[in-house]
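Enquirer: Chains A and B, in that order, give the protein sequences. Counting the first sequence from 1 gives a position; the numbering used here is that position plus 9. Counting the second sequence from 1 gives a position; the numbering used here is that position plus 9.
One or more of the hints may lead you astray.
[What the hints assert, rightly or not] Looking from chain A toward chain B, a few residues come up when the C-beta cut is under 7 Å (computed): (1) 223; (2) 230; (3) 264; (4) 265; (5) 409; (6) 410; (7) 421.
It is worth saying that the hints were derived from the structure and are not from the lab. It should be emphasised that the depicted structure is a prediction, and the values quoted were computed from it without experimental measurement. C-beta atoms are modelled at their ideal positions from N, C-alpha and C, and glycine is treated no differently.
Protein chains: 2
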Amino acid sequence: MNHKSFHSHHSPFGAFASFTIGFDGSPGGFAQSLSRPGQARQNVYVGYRRGESQRWRLLPFFEPPQTAEVLYTGEAAVAASVREDGRFSTLTSRDYRRMLGAASDTWRADDERFGFSLLSPFERVPDPRTLDRGEARRLLAPAVPAWIEYDNRQGKEPVELIFGIGDPDHPFRPLSDSRADLAGFALGPACGYATVPDESVELRQGFDVFEPKFQDHRGLHVIGGESAILFTIPAGERRRFPLVMGFFQSGVVTTGIGASYAYTRFFAGLEDVLAQGLSTHAEYQRIASERDAELNSSGLDEDRKFLLAQSIHSYYGSTQLMWNDDGPLWMVNEGEYRMINTFDLTVDHLFFELAWHPWAVRDTLELFVERYAYRDNLQVNDSESIRGGISFTHDMGVMNHFTPSGRSSYECDRLTGCFSHMTMEQLLNWVLCAATYAEAAGDLNWLKHYRQTLLECAESLHRRDHPEPQKRDGILKFDSERCGQGGSEITTYDSLDVSLGQARNNLYLAVKTLGAWVLLEKAFQRLDEREAAEDAGATADLLASTLAGKVEPDTGFFPAVFEDGNRSRILPAVEGFAYPIYLGYDDAIDPEGRFGPLLKLLGRHIAQALQPGVCIDRESGGWKISSTSTNTWFSKIALAQYVIRRLYPEALNDAARAADRVHADWQRQAGCGKDALCDQIDSVTGESRGSRYYPRGVTAWLWLGEDPLPDTRTQEKPARESASLTQ
Amino acid sequence: MNHKSFHSHHSPFGAFASFTIGFDGSPGGFAQSLSRPGQARQNVYVGYRRGESQRWRLLPFFEPPQTAEVLYTGEAAVAASVREDGRFSTLTSRDYRRMLGAASDTWRADDERFGFSLLSPFERVPDPRTLDRGEARRLLAPAVPAWIEYDNRQGKEPVELIFGIGDPDHPFRPLSDSRADLAGFALGPACGYATVPDESVELRQGFDVFEPKFQDHRGLHVIGGESAILFTIPAGERRRFPLVMGFFQSGVVTTGIGASYAYTRFFAGLEDVLAQGLSTHAEYQRIASERDAELNSSGLDEDRKFLLAQSIHSYYGSTQLMWNDDGPLWMVNEGEYRMINTFDLTVDHLFFELAWHPWAVRDTLELFVERYAYRDNLQVNDSESIRGGISFTHDMGVMNHFTPSGRSSYECDRLTGCFSHMTMEQLLNWVLCAATYAEAAGDLNWLKHYRQTLLECAESLHRRDHPEPQKRDGILKFDSERCGQGGSEITTYDSLDVSLGQARNNLYLAVKTLGAWVLLEKAFQRLDEREAAEDAGATADLLASTLAGKVEPDTGFFPAVFEDGNRSRILPAVEGFAYPIYLGYDDAIDPEGRFGPLLKLLGRHIAQALQPGVCIDRESGGWKISSTSTNTWFSKIALAQYVIRRLYPEALNDAARAADRVHADWQRQAGCGKDALCDQIDSVTGESRGSRYYPRGVTAWLWLGEDPLPDTRTQEKPARESASLTQ
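With these hints in hand, go ahead and build the complete structure from the sequences.
Expert: Okay, here's the thing in structure tokens:
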């Protein structure tokens, strides 16, 4: 089984761009704002040749190349078909080793002598408003550093290395035309690659970069769709050459809210980006090595290290930092769907973003209040409605278009499944994100500023339980009138079966509501809102008690939905406890504490669920988030693992623990690997069923706080303060 | 045989953009700077439905659509396969009529009741430096107006019309989000379509625009990759609705010479373009109708009308007007190759551009002098070279990248065929374009400004004949040293066989040289450069005499190359006379005049060549520009026809005349039609062999000056002054 063939994002911070390669036999390359790796169609030529008489040995990042020469010559004599490949052969998975690190992706071959690495040297990014120019250029450069090397110390003749791109429809231009200090090629003003000019460096461009038939005065053919940098390492030497992949999109690229990439404030254009990438190359290497070392020393097993690394790569590829007259504008794109700041992803990215760029959480929450909040009515019956309260849209738009105020791109009317409204879900997400941000970042001023919004959220939660206080038990009973005739609210688990999709009387959502009340209680205490704090605490207790009563006496399971005799078993039953755990609210997770009875019942639920045939897939051994669906989501498995390993380590039987390997293999094989990190996965086959090229996997970031299991407070605090991968 | 299935460019002036549709069963749509129609992958839905119970009847501009819903729902229940098409059927070529006009492309169906038309209302564009804002907005708007209509006066129930786009990878956004006066959709800031909001107009967006399952508060689903405008015409009414397709590319898009689109100076963005297109729609319709009427009344037969119309469409699609600190920057892209201002195309676009935007010729010539001129040495033998003279590069770059000063993207060293240098060819092209521009536009001041350049060109021509005056006979004998070791110059006919490709001793190039000396003689007279004028006249006479001696006594043919016993027969033998004819230099084309003997010999050559088996393809009946190659070029056929119909009408036997239909059918069938106007064509099969999506066909513009055959001077003058299609 080949475990090295998977695409990965290799991305700058906030550029919504990626140099995507890694899946065997597949082109890729420069991907600007694409929804799938398959949309980048560049052949990427990376490899070495030990002497001119030898074949090139190339990593498998291309399809058999064709020559475009015939388009010009019109002569049948030049075959339009595949070029004979006598000049190169492809390294198979047996020939190379691949190591995906937190901030790097490295391929080695030829007994480790050959190496190629793409770096993603992420750092803690302070509020962009506070960056000086030097910091901004280092942190926001839309560049992916890389290197290529060969150890020819034992060699008898020179070795050549190649890094090149082939795309007949899009010929690159020689960068030497514009800057003497850049050796490389670019596609218009938009993207390109470069190294430092050097006597060991040679440029090539033509219809066939391995055997250029036509050469102009400097040895290139600028109409040719293949370009490359060649490097020569004399016998007896070992050399590593720096490379940089750069992106640049100028002008206003978003609509609805018009904005330009933040980096355009600090860079004059692509050449400037590439030059910066080369001049800062050593520092980027150092930073990437630090991130790699932190993950490597983390204590996670190799499978979980891989899963977290792959998730981090895909998260950064989805980030987009814009700027307009109002200042910075933060966006995370929802993978292949490219919805903007989908709120049920924001709440999952929360933990990673708090460690690395907490202002992004804050800014997103503020934009939800300013533009994407709404106040609704609740459906009582077909003809009657009553006042509801505040909530927030599912997302802020799609594919660089911000939808109008108060409206998402996703939510539609008169539906009971996918594409219906998520009013309760997003209300909880604002509360959870806001309280977690303020507490983790210690930003009490911000919390004070949003005091009224928090109070309004509490009131809205209450009214959705029941407008009449005496009829409340803590659980959502009403749908937003936004759902329209016959419609009802859904949750983020919309595409699963009804066990998770329906919002009303939903176990997952009810426990998440409990988490929200716990956080509200603490937040109101911080704000000296004693009455509200007491109310929140009382509501949490009420809800916990209500929930405890929902267990099935005959089975010891909680039903996924408290109606119609539903008997699905779900792991996200405990998701709502992730927030109190993360924030170190020990009283909320103390098995002998206020929620002790509920926690014990949930513990039994989880222990029974983590069995083959229930929430462990009998065939694959992977975790299923619902016993009645084969659609399982990696990001949510990771989140459930965080809670379960902390609260119910005894539930982690051998089968449950062995699943780490299964989850990693899903991502490392073609079913998911062809689309970088995938979230929705068929638990039987390991094939992705949606949510490809997806950022949400960074919930796995929480794993770093679970192994081993010391006191939560001392364990979590440093992570939020020092932003290193080893907490 | 289906003669309606061919792609056409539908393009604004100078936007390097096209809304390309027309080839049966093929998607297309918004194409920004693409090299082939096949790169635009939007399904275009255009059609009508007579009552809700009926199927939609759609023009064949799409592939069977698939639904993207499954990507979101992850459920196998929603088939990923082709949608059942019970809701629409496709109009076949038997069901619709298509009329391509000079400035319009119209489809009619349902007994003429249904109509859809894309307009290309081109006008005479004055020097962009002189345009006021209103003119600039009308003339430079990157917009393609269109209309859709139905005559429901006899109908009993409402009829619906649809215009929509389907591209799951690129969902459009509703324009109503940004402007209340636009009903339609846009793809980011880059392109879109709109009509005027009206109670008969409905918007749709979703995964399936014919049966949208999911609707938000306003009936759309913004994540859906299909969008459309629906129009309703009540029974008893006839209505035509305006549509506009718009493009917008902001920022610097060229490199080497950085520049932005000129229209960005006059438009704030896409919405502004669309609004302008709608508010000016009536005027655009009027202008398009005028252009159509002028061609229709021209006296050309239907086949030649079609060929000219199709050529004009592809020419405009290749035009690109930029602007930077130095002012306007004119570019014509070389079709699928996208080389910039290829000089051997400039000389062929000359006649069309002089009629419609003569400053474009002037500006291009100036840029060739300022940046793309060079002075070379000539190869004497392998080890010796001597001073040559001025010439110009083949092109100015490729795909929005301007190559460095003095260098083209195309020309390579040490070659004897394609991709070699074209030093002599481009020297002639500068002389011919400059003298023709100055004479036709009456711009003597410009000619004076370039006096030294013209003198330098004459000297360079002489030295390439022979550095020693006494050894000159007028014919090129030396290759530029730029060709490098073993290399030799080629001509624009590079991809044909050696009969046309080699520059030295080349019949085509020698007659073109004669044309250049004739124009130089007149130009120097205008400049009062008497000595130079006399020298040019004497050289022309010498060359004519030399040429007359090249005829083969045994056959009456001229050989294509005066060496190695070449016996290819070529039609471009007379191409060089196009310029004196066009400029009305009667003394140069008088059969009893100074070149009488040569003209008579060439007449016999042409009459013998225009025979099946020589330069008329035995199988297809089409013209072959060389008897020994099946690669024939439409633009050059058109140019040869212009000369032949004027000088040798008696050579136009029945077979030669019947070929118009053949040439038109080549472009109207799949072999060429799938790529809009194609230039290089296999004369046997009618399949394109290169030069697809190509602007050069506008040499056919000259046809308007050949039928009937009155005095040249009075016939040509008005064309250059009034710029109407009927001269």
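Enquirer: Does the CB of residue 265 of chain A sit less than 7 Å away from some CB of chain B?
Expert: holds, 6 Å
Enquirer: Does the interface hint hold: is residue 410 of chain A within less than 7 Å of chain B, judged Cβ to Cβ?
Expert: holds, 4 Å
Enquirer: Does residue 230 of chain A hold up as a contact with chain B if the rule is Cβ-Cβ below 7 Å?
Expert: holds, 6 Å
Enquirer: Under the criterion of a CB-CB separation shorter than 7 Å, is residue 264 of chain A in contact with chain B as hinted?
Expert: Since the shortest Cβ distance to chain B is 6 Å, the answer is holds.
Enquirer: Does residue 223 of chain A hold up as a contact with chain B if the rule is Cβ-Cβ below 7 Å?
Expert: holds, 4 Å
Enquirer: Please check whether residue 409 of chain A passes as an interface residue: C-beta within 7 Å of a C-beta belonging to chain B.
Expert: holds, 5 Å
Enquirer: Answer holds if the nearest beta-carbon of chain B is closer than 7 Å to that of residue 421 of chain A; otherwise answer violated.
Expert: Holds, about 4 Å.
Violated hints are absent here; each numbered hint is respected by the structure.
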